[in-house]
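Full structure from sequences and hints, please.
Next come the chains, spelled out residue by residue.
There are 2 protein chains.
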Amino acid sequence: MSVLIVGSTALDSIKTSKAEKPRLLGGSASHAAVAASFFAPVRLIGVVGEDFPKRYVQLYRKHGLDLAGLQIKPGKTFHWAGEYEANMNRRRTLSTELGVFETFSPELPPAFRDTPFVLLANIAPALQSHVLDQMRRPKFVAADTMDLWLNIALKDLLSLLKRVDLFILNDGEAQQLVQEDNVIAALPKLHRLGPRYVIIKKGEHGSILSSPQGTFIAPAYPLKKLVDPTGAGDSFAGGLMGYLASAKGSVDANLRRAMVYGSVTASFCCEGFGLNRTTKITRAAIEARVKELEKLTKF
Amino acid sequence: MSVLIVGSTALDSIKTSKAEKPRLLGGSASHAAVAASFFAPVRLIGVVGEDFPKRYVQLYRKHGLDLAGLQIKPGKTFHWAGEYEANMNRRRTLSTELGVFETFSPELPPAFRDTPFVLLANIAPALQSHVLDQMRRPKFVAADTMDLWLNIALKDLLSLLKRVDLFILNDGEAQQLVQEDNVIAALPKLHRLGPRYVIIKKGEHGSILSSPQGTFIAPAYPLKKLVDPTGAGDSFAGGLMGYLASAKGSVDANLRRAMVYGSVTASFCCEGFGLNRTTKITRAAIEARVKELEKLTKF
Numbered sequence: 000m001s002v003l004i005v006g007s008t009a010l011d012s013i014k015t016s017k018a019e020k021p022r023l024l025g026g027s028a029s030h031a032a033v034a035a036s037f038f039a040p041v042r043l044i045g046v047v048g049e050d051f052p053k054r055y056v057q058l059y060r061k062h063g064l065d066l067a068g069l070q071i072k073p074g075k076t077f078h079w080a081g082e083y084e085a086n087m088n089r090r091r092t093l094s095t096e097l098g099v100f101e102t103f104s105p106e107l108p109p110a111f112r113d114t115p116f117v118l119l120a121n122i123a124p125a126l127q128s129h130v131l132d133q134m135r136r137p138k139f140v141a142a143d144t145m146d147l148w149l150n151i152a153l154k155d156l157l158s159l160l161k162r163v164d165l166f167i168l169n170d171g172e173a174q175q176l177v178q179e180d181n182v183i184a185a186l187p188k189l190h191r192l193g194p195r196y197v198i199i200k201k202g203e204h205g206s207i208l209s210s211p212q213g214t215f216i217a218p219a220y221p222l223k224k225l226v227d228p229t230g231a232g233d234s235f236a237g238g239l240m241g242y243l244a245s246a247k248g249s250v251d252a253n254l255r256r257a258m259v260y261g262s263v264t265a266s267f268c269c270e271g272f273g274l275n276r277t278t279k280i281t282r283a284a285i286e287a288r289v290k291e292l293e294k295l296t297k298f
Numbered sequence: 000m001s002v003l004i005v006g007s008t009a010l011d012s013i014k015t016s017k018a019e020k021p022r023l024l025g026g027s028a029s030h031a032a033v034a035a036s037f038f039a040p041v042r043l044i045g046v047v048g049e050d051f052p053k054r055y056v057q058l059y060r061k062h063g064l065d066l067a068g069l070q071i072k073p074g075k076t077f078h079w080a081g082e083y084e085a086n087m088n089r090r091r092t093l094s095t096e097l098g099v100f101e102t103f104s105p106e107l108p109p110a111f112r113d114t115p116f117v118l119l120a121n122i123a124p125a126l127q128s129h130v131l132d133q134m135r136r137p138k139f140v141a142a143d144t145m146d147l148w149l150n151i152a153l154k155d156l157l158s159l160l161k162r163v164d165l166f167i168l169n170d171g172e173a174q175q176l177v178q179e180d181n182v183i184a185a186l187p188k189l190h191r192l193g194p195r196y197v198i199i200k201k202g203e204h205g206s207i208l209s210s211p212q213g214t215f216i217a218p219a220y221p222l223k224k225l226v227d228p229t230g231a232g233d234s235f236a237g238g239l240m241g242y243l244a245s246a247k248g249s250v251d252a253n254l255r256r257a258m259v260y261g262s263v264t265a266s267f268c269c270e271g272f273g274l275n276r277t278t279k280i281t282r283a284a285i286e287a288r289v290k291e292l293e294k295l296t297k298f
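Chains as they are written, first to last, in numbering that gives the first Met the number 0: chain A, 0 to 298; chain B, 0 to 298.
Mixed in with the good hints there might be a few duds.
No farther apart than 30 Å at their CA atoms in a straight line, the calculated lysine-lysine pairs in the DSS-like style are these [as the list claims (entries may be wrong)]: (1) 294/A with 297/B; (2) 154/B with 223/A; (3) 201/A with 290/A.
Partner residues aside, some chain B positions facing chain A, computed with beta carbon under 8 Å [said to hold, decoys possible]: (4) 61; (5) 65; (6) 214.
Facing chain A, a subset of chain B residues (Cβ under 8 Å, in silico) [what the hints assert, rightly or not]: (7) 86; (8) 89; (9) 169; (10) 171; (11) 216; (12) 218; (13) 255; (14) 295.
Honestly, the hints are just simulated from the structure, not real lab data.
It should be emphasised that the depicted structure is a prediction, and the values quoted were computed from it without experimental measurement.
We put the beta carbon where it would ideally sit given N, CA and C, even for glycine.
Okay, structure coming up:
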């Protein structure tokens with residue numbers, strides 16, 4: 000089955016202690032869509048400016064993304080510049096130029112409205128809701144977010160959460176949203192906001208799922224070297240939703256494995272700048288790391 | 000088989016945002032020995048002063064510890080006072096009174112010298128080595144440490160590490176010791192210091208084993224509420240070594256499960272001040288949480 004993915008489609012200029020890479024293909028939707036494309040057909044919703052490099056459109060096409068929902072508007076593509084600390088644990092934003100993203104209103108081509116799986120990747124929660132408004136009874140809806148929206152659009156986010164099946168957020172965001180330092184204690188409070196399924200991401204420490212079927216502690220794939228963690232969370236969500244859309248059986252039966260696939264896809268993302276590594280892997284490379292994770296966690 | 004455990008036997012005064020508990024039974028050897036006692040006979044090596052409460056000796060006896068190596072010396076028992084921040088992630092030492100610990104020289108009763116499993120719990124590395132000097136060909140030796148010794152007794156620690164099978168340390172200590180931020184990249188560098196087996200503890204995020212048989216990502220038991228994490232690392236090491244000593248088969252075959260048992264024993268430790276919770280559990284309660292962890296991590 001197909002996955003519809005909405006989010007940011009951007010150019011990222013990234014600086015680490017090792018290198019500086021200008022104007023990489025980035026954005027939550029780009030990372031999530033490429034990650035999902037290893038598993039299922041993907042329909043992308045986003046906006047770029049006239050300066051968006053043709054080679055990036057070609058990269059989208061190479062991954063089989065359906066671009067009927069990608070708007071190309073007069074003006075500049077959303078551009079984010081950021082710098083990571085030496086240990087990659089913290090980053091700071093150097094500049095944000097919204098460009099055409101400032102007036103973005105996601106519009107779904109009629110053929111997209113029946114897509115069974117929907118990933119609302121990180122973007123303003125009002126826009127995530129606007130996408131849901133246009134869908135016809137999707138089978139499964141997941142939403143990601145970021146701390147920015149907790150600060151400036153909390154009301155929109157809370158109203159969105161009543162409409163999604165799965166809410167994906169990181170540990171810091173969970174703490175902020177429900178005022179609870181302990182991740183395990185935060186889970187029931189997050190359910191009370193609406194979603195039946197909650198996943199808290201903990202970066203290199205893996206992630207935790209809370210669902211009607213219980214809790215699952217998902218491992219992260221152990222990486223010796225982190226080149227650039229930008230987009231890892233989006234890749235996790237994309238890989239997870241792509242796997243779910245591709246798997247036979249119920250969401251409940253597949254969600255744990257889907258997290259492992261998401262985790263592995265995210266591990267590749269961290270091994271290169273932007274999408275450089277992710278766009279070069281194959282499904283077989285993902286399967287090999289999933290098998291490895293099985294061995295690494297068996298007791 | 001038996002486990003010999005050497006380390007500190009102390010009184011801990013602990014302050015959290017919720018409560019303040021003076022003169023609890025504490026110390027690395029106390030925590031490790033009680034944890035190990037659920038699995039195997041334990042021989043304790045330590046020193047206390049004349050002020051050491053009789054009820055704590057009775058507590059040791061209740062757990063079947065062989066106290067032939069516990070010295071009672073004129074003077075005061077080692078006393079540590081510390082305070083945790085509200086989220087329990089950081090603590091600061093309020094006071095340290097070494098007392099009889101200042102001149103402690105661990106002496107093994109002749110009957111202890113053949114103990115097959117040896118846990119050198121956190122204590123000055125020169126004293127850990129002094130215990131090893133008195134042992135006759137132990138089957139398996141594990142050593143724990145703390146950042147203090149990296150700062151003031153690095154040479155002693157490095158010479159100890161050439162003589163131990165398993166080195167247990169936390170992520171911050173690993174980073175400091177081999178100057179490597181990435182835990183996975185730190186592992187081979189730690190092996191080069193001597194030990195065939197290395198375990199890096201990551202608190203609530205579990206632990207990682209590196210061994211000739213490969214890497215194992217061990218989960219932590221998810222706790223809703225942390226009352227007092229003091230001694231959790233010692234309980235982990237004690238539970239692990241107790242399980243190893245009790246299990247049939249090779250260390251290689253049992254080490255992964257031993258880590259899970261250590262992890263579960265440590266989870267109980269965190270649920271009460273000092274040893275308050277650990278001394279009230281049963282082996283059956285440990286088994287139940289191990290089963291639960293199996294379910295929580297299966298995919």
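Hints, one by one, checked against the model:
1. 294/A with 297/B: Since the Cα atoms of residue 294/A and residue 297/B sit roughly 12 Å apart, the hinted pair holds (cutoff 30 Å).
2. 154/B with 223/A: holds (28 Å)
3. 201/A with 290/A: holds (21 Å)
4. 61: violated (30 Å)
5. 65: Hint violated; residue 65/B Cβ to chain A Cβ min 30 Å, cut 8 Å.
6. 214: Status holds, d = 6 Å.
7. 86: Status holds, d = 4 Å.
8. 89: Nearest chain A Cβ about 12 Å off; hint violated.
9. 169: Violated. Min distance 14 Å.
10. 171: violated (12 Å)
11. 216: holds (5 Å)
12. 218: holds (5 Å)
13. 255: Cβ of residue 255/B sits 4 Å from chain A, so the hint holds.
14. 295: holds (5 Å)
The structure does not agree with the numbered hints 4, 5, 8, 9 and 10 stated previously, though it agrees with the rest.
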